[in-house]
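*Asks:* Using the hints provided, position chain B relative to the given structure of chain A.
From first to last, the protein sequence lines stand for chains A and B.
Number 94 in the working numbering belongs to position 94 of the first sequence; there are no gaps in the numbering.
Number 98 in the working numbering belongs to position 98 of the second sequence; there are no gaps in the numbering.
Source of the hints: derived by calculation from the structure; they are not laboratory data.
Here are some of the chain B residues that sit facing chain A, going by a computed Cβ distance under 10 Å:
no. : residue
1   : Arg-56
2   : Glu-77
3   : Arg-161
4   : Ala-166
5   : Asp-182
6   : Val-202
7   : Gly-209
Covered stretches of chain B (in silico footprint by chain A; criterion: 3 or more residues with CB under 8 Å from a CB of chain A, positions within the stretch not fixed):
no. : stretch
8   : 44-55
9   : 62-73
Note that CB positions come from ideal geometry on N, CA and C, so glycine has one too.
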Amino acid sequence: MTTTACRTIRTRLSAYRDGALDRSTSREVAAHLGDCTGCREELSGIDAVARLVAGAAVTVPSGFDERLRARLSARALAEEAWARRGRLARRSSLLAAAVLVALLAGLGPAIVRDPRTGPPSITDDQNLNLVLFGTADLEDTGGPSPEGLSRSEDRSE
Amino acid sequence: MERDLADTKAVAVTSCGPAETLRDADDVRVWIETFLAGGTAAEDAFSRIVRTYRDRVVSVVTAMLGDPDPAEDVAQEVFLKVHANLSQFRFESRFDTWLHRIATRTAVDHTRRFWSRRRVALEGIPESQREALLSGIAGSQGRGAQMADPERRMLEAKRARMVRGALREVPAPFRAAVVLKDLTDLSYEEIGRALGCPLGTVESRIHRGRAILRRKLERMLRS
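So here's chain A without its partners, still in its complex pose (with noise of 0.2 Å):
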């Protein structure tokens, strides 16, 4: 008959039956098992699944290592083509960047000095404080304030 204690104690026949329960722990199991064939039976069929599995090991195919060294050599090759594209790649990238500084380190200053092709912001507000005022100095890029248009209106009387 399967009691309390019994149904404790099967939880427990796996690791009994592998020796990794503590000494107190496994003195108990075997205290039951004493009085117990239910639980004694039921160690027996664990012990022969445990076995089952442990006969259903394999030998290694023959050229296991041949084909293994196989992969190894292949990778290796695979690697080293990779990091070769990749060597290639940051070469190409590298000439490339060195191309565009080369470019605009060239056109730069005529972009920057010449006034037909400067920066389309500071050209019209150029423009317009000469229109406005005669003058392309005027400290704030932001266009003419309200007092200098009205001072340039007096001006103008």
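*Replies:* Relative to the frame of chain A, chain B by itself:
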């Protein structure tokens, strides 16, 4: 029939080259350090590691997959990962614990990708042999012990096939715990480190895994 032959072959073939015997726990540390140092001795050191552990890795992977056909490929994948990641091994645990962690995870990943629910039943096995096949479950030796060698080997191959088939139907966490215990004989603590779970979980997974496996095998015997 083809599967029978394949299984018989898997069990009967001789190992390729002599397995390396681990003389001392420090041997593997020396091999790993030699491998990491690079140079001409590195690959030889790695070969020694492979020869030492390949039997266990192939067995664990085969049991995890429940099928010997893709097992070699997956076992080699395990060693490829070891080769690529050995520099990350910090000697904080035993090497075989780390190795079995890789082996079980690789096998579980493979199972997820190529899971097949082919049931292995006792079809084609004469009624007279069924008792001998599963004699262990009832706790008796049955007819297997009295058989002639070729007949016994054939029976063992069939039994192994059936056990692998039943294992395949055990959920992966329980299967991994049972396989690591019964095929590699790691301690519960080492299994916990390999699977990344506490000791109590290891104990319950082994116990429940064996109980599930037993029910599956008994059902096969009855079917």
